[in-house]
Amino acid sequence: QDANRYLFWTSLNTNEVGAGKSIPVIIQTGNGKYYVSETTTGKRTKNGKNYVAVSQSLISQSQYKEILKNGEQFSSLEAAYDAYLKALGNSKYDSVRQS
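Per the working numbering, residue 1 is the first one in the sequence shown, and the count goes up by one each step.
No wet-lab data here; the hints were simulated from the structure. It is possible that some hints are incorrect.
To be verified - Only pairs whose alpha carbons sit at most 27 Å apart, straight line, appear in this in silico DSS-like list of lysine-lysine:
id: 1; residue 1: LYS92; residue 2: LYS65
id: 2; residue 1: LYS65; residue 2: LYS43
id: 3; residue 1: LYS21; residue 2: LYS46
id: 4; residue 1: LYS43; residue 2: LYS21
id: 5; residue 1: LYS21; residue 2: LYS86
Using the sequences and the hints given, assemble the complete structure.
Set out below in structure tokens:
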């Protein structure tokens with residue numbers, strides 16, 4: 001079950017990025033693996049307040065697994081962070097990098 005737990009992280013302020021934007025993320029799984037992948041931000045509402053989440057939807061395990069599959073696995077958080085910074089420098093993220 002640990003492999004089915006996960007934490008998505010980005011250095012970007014998703015509220016400033018806005019919904020529907022592609023962003024790079026670091027993912028840590030419950031079994032201690034690290035990945036760098038890409039998600040699309042999504043609008044959410046909680047307790048009557050709107051915010052932008054790191055991913056449009058992670059309702060099902062298959063959605064989460066697909067994001068992992070499309071990413072790259074790393075042996076440590078440091079290696080994943082270095083790869084994340086490299087990904088963030090890609091010109092396709094120029095419009096969100098200022099967030």
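Taking the hints in turn, this is what the structure says about them:
1. LYS92 / LYS65: holds (23 Å)
2. LYS65 / LYS43: The hint holds at about 21 Å.
3. LYS21 / LYS46: Given pair LYS21, LYS46 holds - Cα atoms ~20 Å apart, limit 27 Å.
4. LYS43 / LYS21: This hinted pair holds, its Cα atoms lying about 11 Å apart.
5. LYS21 / LYS86: holds (18 Å)
Comparing the model with each earlier hint shows no violations; every hint is respected.
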